[in-house]
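Asker: For the protein sequence lines, the chains are A and B, in the order given. All letters in the first sequence, in the order written, are residues 1 to 253 by our numbering. All letters in the second sequence, in the order written, are residues 254 to 547 by our numbering.
Take the hints with a grain of salt, since some may be wrong.
Simulated pairs of lysine-lysine, BS3-like, Cα-Cα distance not exceeding 27 Å [unchecked claim]:
#, chain 1, residue 1, chain 2, residue 2
1, A, K95, B, K437
2, B, K542, A, K95
3, B, K543, A, K145
4, B, K542, A, K119
5, B, K542, A, K140
6, A, K144, B, K443
7, B, K437, A, K119
8, A, K145, A, K95
9, A, K119, B, K543
10, B, K443, A, K140
11, B, K443, A, K119
12, A, K95, B, K543
13, A, K145, A, K187
14, B, K443, A, K142
15, A, K140, B, K543
16, B, K543, B, K443
17, A, K142, B, K542
18, B, K542, A, K144
19, B, K543, B, K437
20, A, K145, B, K443
21, A, K119, A, K131
22, B, K482, B, K318
23, B, K420, B, K543
24, A, K119, A, K142
25, A, K131, A, K196
26, A, K95, B, K420
27, A, K140, A, K187
28, B, K443, A, K95
29, A, K145, B, K542
30, A, K144, A, K131
31, A, K95, A, K187
32, B, K420, B, K361
33, A, K142, B, K543
34, B, K543, A, K144
35, A, K187, A, K234
The calculated label-pair distances, taken between Cβ atoms and stated as ranges, are [stated by the list, open to error]:
#, chain 1, residue 1, chain 2, residue 2, range
36, B, M311, A, K142, 57 to 65 Å
37, B, S372, A, N246, 53 to 61 Å
38, B, I373, A, Q10, 52 to 60 Å
39, A, V116, B, F362, 39 to 47 Å
Since the hints were made in silico from the structure, they are not lab data. Heads up, the beta-carbon is just placed ideally off N, CA and C, and yes, glycines get one too.
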Amino acid sequence: MENQTIISAQGVNFWYGDYHALRDISLDMEAHTVTAFIGPSGCGKSTFLRLLNRMNDLVDGARLEGRILIEGEDIYARGVMVDELRKRVGMVFQKPNPFPKTIFENIAYGLRVNGVRDKAFIESRVEESLKGAALWGEVKDKLKKPAFELSGGQQQRLCIARALAVQPSILLMDEPASALDPISTSKIEELIYELKTEYTIVIVTHNMQQAARVSDRTAFFYLGELIEYDETKKIFLNPEKAQTQNYITGRFG
Amino acid sequence: MSTLINTKYDRRKRRTQGIAFWVFRLMSLAVVAILVWILGFLVVKGIGVVNWEFLTSMPEDGMTKGGILPAIVGTLCLVAGSMVFAFPIGVMSGIYINEYAPNNWLVKFIRVMTNNLSSIPSIVFGLFGMALFVNTLGFGDSILAGSLTLGLLVLPVVIRTTEEALKAIDNSYRNASLALGATKLQTIRKVVLPMAFPNIITGLILSVGRVSGETAPILFTVAAYFLPKLPTSIFDQVMALPYHLYVLATSGTDIQASRPMAYGTALVLILIVLLINLLANGLRAWFGKKVKTN
Numbered sequence: 001m002e003n004q005t006i007i008s009a010q011g012v013n014f015w016y017g018d019y020h021a022l023r024d025i026s027l028d029m030e031a032h033t034v035t036a037f038i039g040p041s042g043c044g045k046s047t048f049l050r051l052l053n054r055m056n057d058l059v060d061g062a063r064l065e066g067r068i069l070i071e072g073e074d075i076y077a078r079g080v081m082v083d084e085l086r087k088r089v090g091m092v093f094q095k096p097n098p099f100p101k102t103i104f105e106n107i108a109y110g111l112r113v114n115g116v117r118d119k120a121f122i123e124s125r126v127e128e129s130l131k132g133a134a135l136w137g138e139v140k141d142k143l144k145k146p147a148f149e150l151s152g153g154q155q156q157r158l159c160i161a162r163a164l165a166v167q168p169s170i171l172l173m174d175e176p177a178s179a180l181d182p183i184s185t186s187k188i189e190e191l192i193y194e195l196k197t198e199y200t201i202v203i204v205t206h207n208m209q210q211a212a213r214v215s216d217r218t219a220f221f222y223l224g225e226l227i228e229y230d231e232t233k234k235i236f237l238n239p240e241k242a243q244t245q246n247y248i249t250g251r252f253g
Numbered sequence: 254m255s256t257l258i259n260t261k262y263d264r265r266k267r268r269t270q271g272i273a274f275w276v277f278r279l280m281s282l283a284v285v286a287i288l289v290w291i292l293g294f295l296v297v298k299g300i301g302v303v304n305w306e307f308l309t310s311m312p313e314d315g316m317t318k319g320g321i322l323p324a325i326v327g328t329l330c331l332v333a334g335s336m337v338f339a340f341p342i343g344v345m346s347g348i349y350i351n352e353y354a355p356n357n358w359l360v361k362f363i364r365v366m367t368n369n370l371s372s373i374p375s376i377v378f379g380l381f382g383m384a385l386f387v388n389t390l391g392f393g394d395s396i397l398a399g400s401l402t403l404g405l406l407v408l409p410v411v412i413r414t415t416e417e418a419l420k421a422i423d424n425s426y427r428n429a430s431l432a433l434g435a436t437k438l439q440t441i442r443k444v445v446l447p448m449a450f451p452n453i454i455t456g457l458i459l460s461v462g463r464v465s466g467e468t469a470p471i472l473f474t475v476a477a478y479f480l481p482k483l484p485t486s487i488f489d490q491v492m493a494l495p496y497h498l499y500v501l502a503t504s505g506t507d508i509q510a511s512r513p514m515a516y517g518t519a520l521v522l523i524l525i526v527l528l529i530n531l532l533a534n535g536l537r538a539w540f541g542k543k544v545k546t547n
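Bound conformation, chain B alone (with noise of 0.2 Å):
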């Protein structure tokens, strides 16, 4: 006559648990399946065209034929260009708003804006770039440009991943090290960002992501349709990964012909983004590592 056994009510709730539970499993292994399926078919669709020629050679026969090594040059150039702006300023931002600002309505107000800032279509991001860095500044199209513009699109990715990773760091660090006569800087630069630094990181990849696979900011600011050649300084303009892959797919000179090189051109910028993000990782781990024992 236990009253714990109540064997009608309990299948019931037995198999309610194992439905949930496998509709759980089903989706995320989904999001797994079409990743893989993604992944799959630009390999297969792509290896075919991938080789030493092909990442090493400039675009021939109206880009039906030949390689892509500017528009790789061109998107590491943007890559590199786009984070030498945002990362220190969207750092030290975030550290602003964190460490020093007051809780006012002017941080609140700079909180908002940042956010509302991410939600603004990359387009629009181009179009602003066009008119600010291209036009009124004279920079012309060139990595310049392109880099400003994308280093302003990423700018509250940043902001955020560091203000985060800062929010994360236990005020009893901060307290113990201002309670030994440290100064406030003193304590951020020694221990509050040493310790954060493995998830500013994370800002870091995220930017690296977005920064390579975006097509809408630098179509108005740097990116060149067709210049088979290395840039030799920031004024140039040059070929990038995701605008080529466009090019390719809907608007060369024969489509069926490129459509190959267009898919060697995807796997190759995803190849790209992995590589770029597995070093950010290493890098992350190191610091993490660093950080303990140093």
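In isolation and in its complexed conformation, chain A is listed as follows (with noise of 0.2 Å):
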């Protein structure tokens, strides 16, 4: 599996109506690895992780130009199943947004909307999902309470397990701890360098120590575009680029 690419942007460009949100954005990422995604506000970085999941064509006036290749296909190729594309990648938000359904609904939604009728097999998927996301000590005695009772970091990892349960290869986090407290934050870390084993991460964050934390490659965007894409470690150590080291050290942002 070692240097296997499994998401390939070549020359991506993209506008929201007349804005030109991301300029000319060609990256590889591997499978099995976290690379986080840094950058200022508007930078265009939670922009490009929403292109891998097609998220953006439900914004008006969205245009899109270059490829973006999924486990080597086209995924804005004519005739792409967007609900397929989307099974295979799964998104966790910044803020929890767990259905107001119970805990177990929560889990088993993605698979009922995919026509899974077996309640054994659900039920074992929910088990396998809730554990995935370190979170079925903590909620086995109450899969039929509602999800809204859980506290936000338990929420933000119900949702992480929601997202699991459809199987996804490829999993984008759009700051998926900004809403959440120091414990909780270290808890979906932890969770992070443990689920790359199994699934290939991509994460917006706006705090630079974590990105340090968990990624092992970390991409730069500026003022929509690809600045400096390299092995965190260099990223943060030595980078090529001046941007990038103003940015990291806090200088500007």
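Work from the hints to combine the two standalone chains into their complex.
Answerer: Laid out in structure tokens, this is it:
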């Protein structure tokens, strides 16, 4: 599995209406790695993340040039089934957003909308997913309770479990810990470290230390351009570009 | 020498606050008082004639005696009939406008038109209903024609409340569902609608109140002046409470003698609306609870 490219962006330009949000982005990400996107607000890192599971399709006036390949397939090619793509590329959002359903039904949702009816299968997948998100021990006795009764950090891990249940190969995380307290944050970070054995993870974060702690490679975005993309160690210890250096040392941003 | 204390200014400010507060309080009390007055008036004047016989028998002696059963049944038929038309159509167009429609001139036009629709006087709906349903489509004076006319009248209310109810659902729920590979329709059916349903029911409550009280739209489309029998099909004419009330109060055979019957009819009409509202509220609460624990 070493050095196997799973996500490949090739000359990606992206517009919201007239606004040129991403300029000529090309980068490859390898399977079973954690890639962090960093950069100041409005630099395009979240936009780029949302291109990877076509969530930007929902925005009026969005337009893309270039190609994005996931597992070798052009995801913007004609005839691509977006819901199938999203099963392969899961997403965890900034704010925990469990459905107003029970803990169990939250996890089962992704299976049910994909036509799974087998009760025993759903039950075992729910357990598996909750274990995968390091939440099983805390909720195994209250699966029938509303998800809203969980704490913020638990809700976010529930959202991760919910994404895992449909067995994606890639997990996109859009500032998954920015709404959480430090203890919940470190739990999420530990989780990311464990998850990368099975999933490829792309994480957008404003937290420089977090990027340094969890990621293998880091991409620095600025004003819609990919300034530098390299091993995280290199980016943080010995960046090539002055802009990168300035940003990670907090001189602007 | 504190600068925080300025007795003169302070006293004046407090007095203004106090007066404002009392004005607001009096106004809201006045509203309640008027409502209580109306209700009390109707109860006092009407309770004398309202009994089991009044509710379950036909009008007699030129509507000065007997009951109002056909009018009660007629109004219930019209409420049910108009909801059968207005609720699904209104909810579906509300869903289209809020969830599917692109933000273009057509949709803006639809929105403006639905708003305008709700400001058309109800007598105009009545005339339109007569022209279209009674004459052109040949339904005659019938429950069908009356229900369709009333349905049109409340359609904007249903559409608007559906739209508002959907708008209140945070986009993060839609995104979460779509990101799991759910289709848009699945997202609407399994996530958005259940969350919005309690508020959509509010639209239903408002419409039921409106429909059961309207007189003008049914005047030329369904309402009978005097028809002492129960309807057997949707092509029958019926009596209806608001129109019956109007007849008893202004154009009965003996207005003085039928006055108590009029008050009784008004009381029954209000009680029916109240009952339906309570029922819908119960439904709303039940759905709200179901959504949270499902």
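Asker: Compare the structure with the hints numbered earlier in the document and write down the numbers of the violated ones, lowest to highest.
Answerer: Those not satisfied: there are none.
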